[in-house]
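Trainee: FYI, the numbering for the sequence shown is 132 to 440, going by this note's numbering.
No wet-lab data here; the hints were simulated from the structure. All values derive from a computational prediction rather than experimental measurement. Ideal Cβ placement from N, Cα and C applies to all residues, glycine included. Nothing false has been slipped in among the hints.
Using 27 Å as the maximum straight-line C-alpha spacing, the simulated BS3-like pairs for lysine-lysine come out as follows:
hint : residue 1 : residue 2
1    : K212      : K386
2    : K292      : K350
3    : K429      : K373
4    : K429      : K417
5    : K417      : K433
6    : K310      : K386
7    : K386      : K171
8    : K310      : K296
9    : K171      : K350
10   : K299      : K350
Derived CB-CB ranges, DEER-like:
hint : residue 1 : residue 2 : range
11   : R393      : N241      : 32 to 40 Å
12   : K350      : V377      : 25 to 33 Å
13   : D236      : L274      : 23 to 31 Å
14   : T158      : D280      : 46 to 54 Å
15   : K417      : D252      : 48 to 56 Å
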Amino acid sequence: MDLMELFLISLGAAVVVYYGVKLLLFTRMLFPNLWFPLSKTFFTSMGEWAVVTGASEGIGRSYAFALAEQGMSVVIMSRTKATLDQVAKEIGDKTGQRVKVMVTDFTQENVFSEIEGQLKDLNIGILVNNVGMLPSFIPSKFLDFAELDQTITKVINCNVKTMAKMCKIILPGMENRGKGVILNISSGVAFIPFPMYTLYAASKVFVERFSQGLQAEYKDKEIIIQAVSPFGVSTRMAAYQKSNLVTLSPEDFVKSSLQYIRAGDKTPGSIYHIVLGWLLQTIPLKVLHAESMQHGLKDYVKRRAAERL
Numbered sequence: 132m133d134l135m136e137l138f139l140i141s142l143g144a145a146v147v148v149y150y151g152v153k154l155l156l157f158t159r160m161l162f163p164n165l166w167f168p169l170s171k172t173f174f175t176s177m178g179e180w181a182v183v184t185g186a187s188e189g190i191g192r193s194y195a196f197a198l199a200e201q202g203m204s205v206v207i208m209s210r211t212k213a214t215l216d217q218v219a220k221e222i223g224d225k226t227g228q229r230v231k232v233m234v235t236d237f238t239q240e241n242v243f244s245e246i247e248g249q250l251k252d253l254n255i256g257i258l259v260n261n262v263g264m265l266p267s268f269i270p271s272k273f274l275d276f277a278e279l280d281q282t283i284t285k286v287i288n289c290n291v292k293t294m295a296k297m298c299k300i301i302l303p304g305m306e307n308r309g310k311g312v313i314l315n316i317s318s319g320v321a322f323i324p325f326p327m328y329t330l331y332a333a334s335k336v337f338v339e340r341f342s343q344g345l346q347a348e349y350k351d352k353e354i355i356i357q358a359v360s361p362f363g364v365s366t367r368m369a370a371y372q373k374s375n376l377v378t379l380s381p382e383d384f385v386k387s388s389l390q391y392i393r394a395g396d397k398t399p400g401s402i403y404h405i406v407l408g409w410l411l412q413t414i415p416l417k418v419l420h421a422e423s424m425q426h427g428l429k430d431y432v433k434r435r436a437a438e439r440l
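Working from the sequences, and respecting the hints, build out all of it.
Mentor: So, in structure tokens, the structure goes:
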């Protein structure tokens, strides 16, 4: 056997092993309860309280309900007091858990001193950084947004600054206790450069990289920090599209995503979204970034929005 033949055989074996390992890792995602089991007391063992931002509706509301159902008291945060009060009543009536309401507009400056003061005496075991905003529901090119300067500030404040600041407030307590969970909600649009949602997608890339770096820094402290990157979830941000295998209801998505808490520093939170992310990354960017695709996306979203009116 000559050297070239040996090299080719070794290369082929390495490729087979590489893809075999990838396939094994993928099959683990099919059975999260088997591969990433959580004890019945996992959530309450992290601490007494869970904090959820953007909790008045959609994914945030569902996380608040799910964590209360696991026996945790919850702090729910958003900018609409009437809605938060209603959610708090529903959680309390259904689960019997304590609910603390904090009214905060995360698009504004200088809101975190008050938040820190209200949270400082709580034993917080879980933080869900869910709050986020789209610059516009209708996809648009960056320069086409009205009041672009204000839009940039609000998106960065809400999607980027809030997550970092909430971690700054809550992470020290978790480090001192040697336990805790932080779930930072990103988006499937962060999987690739995503034109027409450029500002929003870039803010969600920050969420992912920040979460992954933070997990590497604090993993030895027994703290779980994870970016959760869903694709379609039937929320106001997605014009309440009808639920199906790809577009999950908030309740189904949260139930699924909580099964993947131990699955690594990033997860789409659902096997259907895991497959969708893989498929999206197999499409050449030249195709996805074509001008015709951008126009088609905008027309599609406009049409779906009109159907929901």
